[in-house]
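Colleague: Numbered per the working numbering, the sequence shown finishes at 433, counting up by one with no gaps.
Hints in this document: simulated from the structure, not taken from any laboratory. Beta carbons: idealized from backbone N, C-alpha and C, even for Gly. It cannot be assumed that every hint is accurate.
Cross-link-like lysine to aspartate or glutamate pairs, in silico, EDC-like; alpha carbons within 16 Å at most [unchecked claim]:
#, residue 1, residue 2
1, LYS127, GLU167
2, LYS121, GLU60
3, LYS240, ASP203
4, LYS104, GLU60
5, LYS127, GLU159
6, LYS127, GLU72
Cβ pair distances, simulated, as ranges [unchecked claim]:
#, residue 1, residue 2, range
7, ILE123, HIS215, 21 to 29 Å
8, LYS305, ALA356, 38 to 46 Å
9, LEU197, GLY45, 29 to 37 Å
10, GLY415, MET61, 43 to 51 Å
11, LEU136, LYS104, 12 to 20 Å
12, LYS240, GLU290, 31 to 39 Å
13, LYS162, PRO258, 18 to 26 Å
14, ALA102, LYS65, 36 to 44 Å
15, SER414, GLN135, 16 to 24 Å
16, LYS238, LEU136, 15 to 23 Å
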Amino acid sequence: MNLNLTKLTNIFFVTLFILFSYFTAGFCQDDIYLSLSGSNASRSGIGLADFVPVNGTFEEMETAKDFRDVLENDLILSRHFNVATANTSYKFDMKSHFSYWAQKNVSVILTGEVSVVELTKLIITVKMYDVDSRQLIWEDKYNNTTVNYRIVAHQISDEIVKRFTGEVGIATSKIAFSNNNTKYKEIYVIDYDGYNLRRITKDNGINILPKWVPHTNQIIYTTYLYNNPDLFLVDITKNKRKALSTIQGLNAPTSFAPNGKTMVATLSRGNFPNLYLLDSNGVVLRRLTEGKYIDTSPSFSPSGKEITFISDRAGYPQVYIMDIDGVNLRRLTSKGPCDTPVWSPKGDKIVFTMKADRFYDIFIYDLPKAKLFRLTEAQGNNESPVWSADGRFIAFSSTRSGKSEIYIMGVDGSGIRKLADIPGSSFTPAWSN
């Protein structure tokens, strides 16, 4: 049953200030879904020994310790490993202390050397030894001209994850979000482990709904800089930005195709908000939906052949799916209201928010099993879930502490941790790949 214009308008603004919706819970014919499983028992054991300061300077000793701490944290957060550490007051000779590490139930040992050259260049050599054979099985050298040991630790962690699992790690990834600490809403970026918080916009206005352009350091977001919800793109490395879509009316938010060449955005163009396909420069290629409905929050499937979105055409916000050419429309959900669905990178799950009882909570729809799983419950409002690039973690906003903050949890809802203690309230995280 269609709603009248007033009710549609109200829903539109509620949807906008909830920070838009992505809904999905269904089976996609064009995607191949895989079921993967794992447990703590299957984690590999890694021994983390000291990294030796080459010249023995104070700077090298401090850097070596700090570097190892970050690497240890990365390996633990990956959930791929059980990490054992050595007593740092005892210097290990790798040739004579393998028995110590064997008792720690580890299969490999990590160690290496740290050199700081004239306080301007960092050189870290990492070595991996097999405990059983006592042989060196991997060695590599990393250089950093900014003496940024955190970046090098993240890079090494990702390489270790790749060598053990065949998949790229997420330690070098970043999370963008909107925050109101300045009394306005600005876009911020932070490392996945909660360090290196950086403010991106300084408009003293409303900047919301950040999205990463795939495999770049660029973010697209909605801004009211010119008193209209426009679509802007910012390069966080070059600190440059440009307008992509400034059509009068709503321009927000987008979902990029996996190749980053096209995107789907919600544009109102003086009428009802519908979905449009745009190129990467914001040029409209074609209209995807049409009607007296509010269609928002598109999300691409991993194949790039389909999108899901929210529409009130059923009378209240529900999840729909259709082919990228705008045909084969079908409704996926029957409960609600739902919000912010996102396809997992592997295509086997969809995470979204649904109001259950008094609060919004995070749910996952398992596509191969055609089952719904609840991840959060009765701890404030939990909204805007997004996947890590490896599909093993979910970032989301939650009011469980009394204000909206960003949290990260495993795909099964376990191990929830606050991203960082950030002043103000934080909303709508977006995770880079």
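Colleague: Take the hints in turn and mark each one as holding or not.
Modeller: Quick rundown of the hints versus the structure:
| no. | hint | in the structure |
| --- | --- | --- |
| 1 | LYS127 - GLU167 | 20 Å, violated |
| 2 | LYS121 - GLU60 | 11 Å, holds |
| 3 | LYS240 - ASP203 | 14 Å, holds |
| 4 | LYS104 - GLU60 | 28 Å, violated |
| 5 | LYS127 - GLU159 | 12 Å, holds |
| 6 | LYS127 - GLU72 | 15 Å, holds |
| 7 | ILE123 - HIS215: 21 to 29 Å | 28 Å, holds |
| 8 | LYS305 - ALA356: 38 to 46 Å | 31 Å, violated |
| 9 | LEU197 - GLY45: 29 to 37 Å | 33 Å, holds |
| 10 | GLY415 - MET61: 43 to 51 Å | 33 Å, violated |
| 11 | LEU136 - LYS104: 12 to 20 Å | 19 Å, holds |
| 12 | LYS240 - GLU290: 31 to 39 Å | 35 Å, holds |
| 13 | LYS162 - PRO258: 18 to 26 Å | 20 Å, holds |
| 14 | ALA102 - LYS65: 36 to 44 Å | 25 Å, violated |
| 15 | SER414 - GLN135: 16 to 24 Å | 36 Å, violated |
| 16 | LYS238 - LEU136: 15 to 23 Å | 40 Å, violated |
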